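Participant: With the hints as extra help, turn the sequences into a complete structure.
Position one of the sequence shown corresponds to residue 3 (the working numbering), numbered consecutively onward.
Honestly, I wouldn't trust all of these hints.
Lysine-lysine pairs mimicking DSS-like chemistry, simulated, CA-CA at most 25 Å apart [said to hold, decoys possible]:
1. K103 - K88
2. K45 - K131
3. K45 - K160
4. K88 - K166
5. K131 - K88
6. K103 - K45
7. K160 - K28
8. K131 - K103
9. K166 - K103
10. K88 - K28
The hints are simulated quantities; they were obtained by calculation from the structure and are not laboratory data. None of the values given here were measured: they were computed from a predicted structure.
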Amino acid sequence: MSLIIVVVVVVLLLVWGVSLYNNLVKLRNNRENAFANIDVQLKQRHDLVPQLVATVKGYAEHEKEVFQRVTEARAAAMGATSVNDKVQAENALTGALAGLKVSLEAYPELKANENFLQLQNELSDIENKLAAVRRFFNSATRELNNAVQTFPSNIFAKMFGFQKEPMFEVPQEERSMLDKAPEVKF
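Facilitator: Shown next as structure tokens:
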């Protein structure tokens, strides 16, 4: 009788452990899927950036440093391979694009250019879609991190190499700009 109880307890513990492991795998895969959605939007953004830079160059010839930062950040973002490297590289590209937007304020004739307006609208649309998929990615990352850090699944997470993963956050330099009140001009 006691042998049956021990076997039942062992089987229940085994089923419970498999269930915890499978949940961790599902959460990791959900995070990877979320990043795949980000990758689609990033590809579109990477394709638009050279067009935007080429359009602006004709108007702002002396802004070479800004263009250089955007071009280098885009190249780094396209060359990143791991999820964490891509997060870091895309944060740098986002910061470089923010710098480009700030420098464009000095060119009112550019803002009226039809090609530039179309590119700006497309980039704005992609940035909005990126914001949505980043929220989904961060939600998936939070769920995985909660499972990796809470008891008892943290025991299985350590045993099988699951670890806390970084969120897709606003770069620090851009965060300081967000803390300032927006300037409204009429």
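Participant: Does each hint fit the structure? Answer for all of them.
Facilitator: Here is what the structure says about each hint:
1. Between the alpha carbons of K103 and K88 the distance comes to roughly 22 Å, so the proposed pair stays at or under 25 Å and holds.
2. Pair hint K45 plus K131 holds up; C-alpha atoms about 12 Å apart against a cutoff of 25 Å.
3. For the given pair, K45 sits about 34 Å from K160 by alpha-carbon distance, which is inconsistent with the 25 Å threshold.
4. Only pairs whose Cα atoms come within 25 Å are accepted, and K88 paired with K166 is accepted, the gap being roughly 17 Å.
5. Note on K131 and K88: the hinted pairing holds, with a Cα-Cα distance of about 17 Å set against a maximum of 25 Å.
6. Restraint check for K103 and K45: satisfied, since their Cα atoms lie roughly 20 Å apart, inside the 25 Å limit.
7. Between K160 and K28, the direct Cα distance comes to roughly 16 Å. Compliance with the 25 Å bound is thereby established for this hinted pair.
8. This hinted pair checks out: K131 and K103 have alpha carbons roughly 18 Å apart, not beyond 25 Å.
9. A threshold of 25 Å between alpha carbons decides the hint, and for K166 with K103 the separation of about 34 Å lies outside it, so the pair is violated.
10. The straight-line distance between the Cα atoms of K88 and K28 is roughly 22 Å, inside the 25 Å bound, and the hint therefore holds.
Of the numbered hints stated above, those contradicted by the structure are hints 3 and 9, listed in ascending order.
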